[in-house]
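2 protein chains.
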Amino acid sequence: MTEVPRIFGAVEAGGTKFVVAIGNESGEILAQERFPTADPRSTLATMQAFLRQQNQAFGALAAIGLASFGPVELDKDSARYGFIGRTPKAGWSDTDMAGTLAREFGCPIGFDTDVNAAALAEQRWGAARDVSNLVYLTIGTGIGGGVIVDGVPIHGLMHPEIGHIHPRRHPLDVGFEGVCPFHGDCLEGLASGPAIVARTGVLLQQLDEAHPQWHIQADYLGQLCAQLVLTVSPQRIVMGGGVMSQARLLPLIRTRLLHWLGGYVDRSEILSDIDRYVVAPELGDDAGVCGALVLAMEAVERPRPRQY
Amino acid sequence: MTEVPRIFGAVEAGGTKFVVAIGNESGEILAQERFPTADPRSTLATMQAFLRQQNQAFGALAAIGLASFGPVELDKDSARYGFIGRTPKAGWSDTDMAGTLAREFGCPIGFDTDVNAAALAEQRWGAARDVSNLVYLTIGTGIGGGVIVDGVPIHGLMHPEIGHIHPRRHPLDVGFEGVCPFHGDCLEGLASGPAIVARTGVLLQQLDEAHPQWHIQADYLGQLCAQLVLTVSPQRIVMGGGVMSQARLLPLIRTRLLHWLGGYVDRSEILSDIDRYVVAPELGDDAGVCGALVLAMEAVERPRPRQY
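Sequences listed follow chains A and B, in order.
For the first sequence, this note's numbering assigns the number 26 to the initial residue and increments by one for each residue that follows.
For the second sequence, this note's numbering assigns the number 26 to the initial residue and increments by one for each residue that follows.
Just to be clear, a hint being listed does not mean it is correct.
Treat identical chains as interchangeable: a pair holds within one or across any two.
[Unchecked claim] Below are the EDC-like pairs computed for lysine to aspartate or glutamate, each with C-alpha atoms no more than 16 Å apart in a straight line:
id	residue 1	residue 2
1	Lys42	Glu58
2	Lys42	Asp64
3	Lys42	Asp310
4	Lys114	Asp64
5	Lys114	Asp155
6	Lys114	Asp291
7	Lys42	Asp102
8	Lys101	Glu53
9	Lys101	Asp175
10	Lys101	Asp198
11	Lys101	Glu129
12	Lys101	Asp121
13	Lys114	Glu234
Source of the hints: derived by calculation from the structure; they are not laboratory data.
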């Protein structure tokens with residue numbers, strides 16, 4: 026008797042859009058739907074309707090993975106495990122994400138941040154297949170990062186919130202106040218898509234190649250990479266998101282990373298092979314939903330957190 | 026027949042002094058010697074002579090732990106595993122530390138950075154006994170940090186080198202160039218013991234309480250803590266080293282950490298309980314050698330790195 030391939034549900038719950046999908050263990054997406062993120066009640070109802078329908082079409086889902094915008098509660102001992110925490114996204118604070126699925130579907134639910142999930146996907150199927158320590162960054166409407174150490178996402182007190190570190194201000198960017206509602210000129214306040222628009226009035230790709238914004242942007246993101254090298258020591262940094270779709274940005278960032286490290290980290294991966302150290306994602310827009318698929322698979326493969 | 030308690034060797038290899046010791050599984054130090062770090066040949070010979078002698082006095086050592094100043098090679102697949110890398114410490118670049126012990130003593134050798142080891146010790150016996158994710162910082166001649174995630178030190182590409190992040194410059198400290206030979210005004214260049222002396226001409230404890238240096242120092246270290254919260258999400262930050270022996274510094278650092286986070290990390294551990302979140306070490310000067318003891322014990326308990 027042939028074993029029936031396992032089928033998983035995957036939800037990328039973003040602040041702007043939801044992607045719901047059905048996939049298999051090879052990372053193939055068998056069915057998919059996208060819809061804008063509205064209020065929690067109607068958005069989660071649309072998500073559930075899709076999964077219910079697919080659950081009947083494909084047979085019982087082995088697990089569902091949920092990769093959510095944050096902040097989220099990842100402590101499995103907490104009564105609020107699987108909830109979105111306090112968020113500026115109107116109406117979404119204190120929404121029970123994982124519980125909503127667990128109550129309807131009698132299968133394991135994998136749950137993590139959207140960026141930790143995307144990092145897992147890039148490690149399993151994408152630009153970091155050959156390493157077990159990596160950072161996945163997304164530079165877009167916001168700036169976020171997932172950190173994988175020895176194959177496992179960092180949770181700790183909460184989860185990384187890399188977008189809110191404070192880079193040193195670029196000398197050509199001293200007047201700009203930044204757009205972060207919490208910090209003003211933290212990294213997200215200085216280098217996210219909305220920050221570029223607030224500073225220049227246009228999108229990055231609309232700026233001439235000689236415009237200083239390219240260098241300001243590359244410097245802030247190079248500082249981000251340097252801080253990460255020095256604190257979490259990744260074997261690769263994968264940089265995605267809308268702002269990174271401008272391909273000429275990546276080489277400029279690599280140069281600024283080397284500048285900020287100042288030759289201190291004496292590793293050939295950085296000193297001789299930086300083009301393979303800071304890279305673009307291979308999964309593109311699918312990183313999030315593929316990450317949710319990994320969360321589903323790991324909910325079956327690795328039902329409990331690692332213990333030592 | 027009663028089981029004979031296991032005895033371990035422990036070496037804290039610091040840039041200024043070596044501490045060699047014999048200890049048991051309860052963290053008790055049964056014999057100990059300290060001597061200044063001279064050239065590698067004579068220093069390692071003194072270390073070996075001590076361990077040889079104790080090996081005869083106490084019976085065969087079950088394992089030896091070696092907690093070394095860095096940078097060090099932690100990749101067990103590398104031919105240079107257990108070596109010190111390129112270091113400004115004269116004569117010590119490319120010194121085979123772990124191999125020197127492995128060749129003489131037929132027991133497992135545990136090897137890690139001095140700060141990762143100190144973090145493990147504070148977690149097992151000290152100020153972080155109740156958590157599994159922590160950072161141990163030492164602020165002294167240099168600035169270093171060990172990072173433990175789910176009970177295991179971060180290695181990755183190399184190991185964290187937290188002292189070399191670039192904090193934002195304090196408005197009262199704009200003229201000072203910093204003392205780091207690699208970066209000038211990175212954190213170590215601005216907030217290590219030698220940086221304080223270079224800036225003020227005296228030690229921190231010799232400065233009046235109203236001197237701005239106290240606030241400059243607290244601000245830089247508060248930024249360090251904030252960057253760590255946002256990148257590695259520790260459940261506790263333990264701050265030791267010579268500069269931190271000034272007890273009035275810790276409350277000032279906590280205040281600046283809260284400033285830089287700007288209310289963004291919505292966790293009671295930080296917002297309501299910061300005095301238990303950023304703390305002094307409990308093992309004091311023994312953290313390093315106790316950490317070496319943990320490395321020895323783990324070399325027996327956990328002979329291979331975790332695999333997923």
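Within a copy, between copies, both or neither: which one fits Lys114 and Asp64 at a CA-CA cutoff of 16 Å? within (9 Å within a copy, 60 Å between copies)
As a check of your reading, is Lys42 near Asp310 (CA-CA no more than 16 Å) within one copy, between copies, both or neither? within (12 Å within a copy, 53 Å between copies)
Identical-chain pair category, Lys101 with Asp175, by Cα at 16 Å: between (20 Å within a copy, 14 Å between copies)
With identical chains, the pair Lys101 and Glu129 could be close in the same copy or across copies; at 16 Å between alpha carbons, which is it: within, between, both, or neither? neither (19 Å within a copy, 46 Å between copies)
Please work out whether the CA atoms of Lys101 and Asp121 approach to 16 Å or closer within one copy, between two copies, in both situations, or in neither? within (13 Å within a copy, 43 Å between copies)
When no copy is named, should Lys42 and Asp64 be tagged within, between, both, or neither for a Cα gap of at most 16 Å? So Lys42 and Asp64 pass the 16 Å test inside one copy only (11 Å; across, 61 Å).
Are the CA atoms of Lys114 and Asp155 at most 16 Å apart within a copy, between copies, both, or neither? Neither: 36 Å inside a chain and 34 Å across chains, both beyond 16 Å.
Within a copy, between copies, both or neither: where do Lys101 and Asp198 come within 16 Å Cα-Cα? neither (43 Å within a copy, 44 Å between copies)
When no copy is named, should Lys114 and Glu234 be tagged within, between, both, or neither for a Cα gap of at most 16 Å? Answer is neither: 34 Å inside a copy and 44 Å across each miss the 16 Å cutoff.
Should Lys114 paired with Asp291 be assigned to within, between, both, or neither, using CA atoms and 16 Å as the limit? between (42 Å within a copy, 15 Å between copies)
Up to 16 Å CA-CA - Asp102 versus Lys42, copy category: Neither: 29 Å inside a chain and 43 Å across chains, both beyond 16 Å.
Is it within, between, both, or neither for Lys101 and Glu53, if the alpha carbons may be no more than 16 Å apart? Result: close neither inside a copy nor across copies, 29 Å intra and 35 Å inter.
Violation of the numbered hints given earlier is confined to hints 5, 7, 8, 10, 11, 13; the remaining hints are satisfied by the structure.
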